[in-house]
Amino acid sequence: MRVHITSLYGMMGVVGVSQRRTAEIGRQLGFNELGIFRYPVESDTDSELSKRYDGISAGIEGGDIVIYQSPTFNGTKFDDYFITNLKWRYGQTVKIIILVEDIVPMMYQGNEYLFPQIIDMYNKAHALIVASENMKEYLIEKGVENPKIYVQNLWDLPEKVDTSITPKFMKRISFTGNDGKFGIMDAFPESNVALEVYGSDKREDVPQNINFNPFISDEHVLLNKLREGGFGLVWAENEHVRNYMHYCNSYKVSTYLRAGIPVIAHKSISCAKLLEKNHWGILADTLEEAVDIIDNMSDEEYQKYIESVEKVGFLLENGYFTKKVLNEAIYGLYVND
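Note that our numbering has the sequence shown beginning at 1226, numbered continuously upward.
Calculated directly from the structure, the hints in this document are not laboratory data.
Be a bit skeptical, because a hint or two may be false.
Stated by the list, open to error - Beta-carbon label-pair distances, calculated as ranges:
hint, residue 1, residue 2, range
1, H1465, K1529, 30 to 38 Å
2, R1263, F1437, 25 to 33 Å
3, G1316, H1504, 22 to 30 Å
4, D1387, Y1264, 23 to 31 Å
Ideal Cβ placement from N, Cα and C applies to all residues, glycine included.
All chains should be built: construct the whole structure from the sequences, respecting the hints.
Here you go:
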């Protein structure tokens, strides 16, 4: 018996990186990797798709476990074909766990019509791993009937940081990435608290306390820059994006926590309970509220956040959120507690 885990190639950005990191953590647990390349699946004939599936799944045998990272962004047709053919070829002898990392109809407006197909695919699995408790509840409402659903909570970030850098209390909030879909700069208040933006185009029509910095592609360099101090912002004024953040795991949360600084997030974020219960950051209804909390914070209060965040940094560096949920899902295939 072997455990296999899929990994996505040919996909840039956070999606590709996160899947490959999850597969690497799986390899540390002794899993075999099944590489899947992103390609224009619509150009395949049924025969070509069948051959592609055969090549990916050649090492799978009866009795094995397959952890399928979804979506592959090859389209619902590809994902469903893979799962359906595993079940057709091996019946119940191969156990399938779908690791739901994103849901296309929730990410992109206008794709809601895909939901019935996706829910049907999820119901073919023996277990699901989802991002959050909110996601779990939502999928059950949508028709998921699988009784074995496990929650990941946070993305791991197995990257070293310079521990000689001690985060300092600064009235500074950092935001990484392009602000285009988030709408933060249009809502950020003029105040004593600075917003340091990494990766967005410079604008002249914003308050003077918003500073623009070049995009930092080297993750190690970025983490150490963030580690200088202040706070990390995970926020969206855009209603659709904010709603999705209520369900999905944001890689930004893990980035800031791994850097060693507390997070600022909207109260509706998927990991709100974790952030609050473990003192990893500030939850607010508005950016004005968050800025006001920071403006009136003491150094002593900030250091308490730093002490709490440093502990979770160890877990993120060593892949413990992913290891925990993978082990739980595999254990649950064979044991009813």
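For this session: Hints the structure violates: just list their numbers, smallest first.
Result: Violated hints (numbers, rising): 3, 4; every other hint is consistent with the structure.
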